[in-house]
Amino acid sequence: GAGVSQSPSNKVTEKGKDVELRCDPISGHTALYWYRQSLGQGLEFLIYFQGNSAPDKSGLPSDRFSAERTGGSVSTLTIQRTQQEDSAVYLCASSPRTNYPENEKLFFGSGTQLSVL
Amino acid sequence: DAKTTQPPSMDCAEGRAANLPCNHSTISGNEYVYWYRQIHSQGPQYIIHGLKNNETNEMASLIITEDRKSSTLILPHATLRDTAVYYCIVSTGNQFYFGTGTSLTVIP
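For the protein sequence lines, the chains are E and D, in the order given. Numbers given in my numbering equal positions in the first sequence, counted from 1, plus 105. Numbers given in my numbering equal positions in the second sequence, counted from 1, plus 5.
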């Protein structure tokens with residue numbers, strides 16, 4: 106498919122375990138974003154990548170959260186020692202990041218529903 | 006942080022125009038106004054964006070006031086499938102901070 110792909114679609118884990126969430130952006134998109142959406146809430150910005158670099162990590166809630174991107178493509182969001190308040194939908198988006206902001210549109214994946222028991 | 010203010014919810018009769026307002030009084034000269042919507046259980050979807058001129062595409066129209074401190078998204082003939090949360094965002098194209106949006110319910 107040509108869209109943003111996220112895996113797994115659902116993840117149930119026990120409190121204290123580590124989890125990895127994966128995002129495959131649209132081919133050729135240089136910018137990649139992670140958001141978190143708790144039940145009934147808006148989207149909370151987590152981190153943004155331009156290529157493999159993360160110019161803005163300001164949204165990561167704590168040092169238990171980290172993310173990396175390799176080859177300017179796939180990104181992994183890792184949550185260590187998960188807590189119940191980490192339960193949410195984690196959404197990934199990519200954009201082409203041309204030199205023209207009028208072309209900057211985010212394309213979202215379907216998200217990963219994380220449930221921490 | 007989101008730099009926009011939107012009403013939390015609105016209703017619209019099917020077939021009528023839905024007018025969704027957004028205040029962005031602190032918008033900078035190089036920031037665009039973007040609109041996205043999120044249908045239940047899906048990722049947000051791009052609708053439209055503009056800088057200072059009114060814009061129209063196949064999905065909607067965007068009206069931006071002359072001082073650019075507010076805008077209105079217009080869905081000309083709302084259908085039941087337009088029931089969603091609508092997010093108004095201001096951005097230079099580098100960062101996109103979503104607020105809580107407006108939950109639009111289209112009523113049969």
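Rather than coming from a laboratory, the hints here were simulated on the basis of the structure. Possibly wrong hints are sitting among the right ones.
[To be verified] Taking lysine-lysine and the PhoX-like style, the derived pairs with C-alpha atoms no more than 25 Å apart in a straight line are: (1) E/K210 - E/K162; (2) D/K57 - E/K210; (3) E/K162 - E/K122; (4) E/K122 - D/K74.
In this text, all values refer to a predicted model and were calculated from it rather than measured experimentally.
We went through each hint and held it up to the structure:
no. : hint            : result
1   : E/K210 - E/K162 : holds, 20 Å
2   : D/K57 - E/K210  : holds, 18 Å
3   : E/K162 - E/K122 : holds, 23 Å
4   : E/K122 - D/K74  : violated, 46 Å
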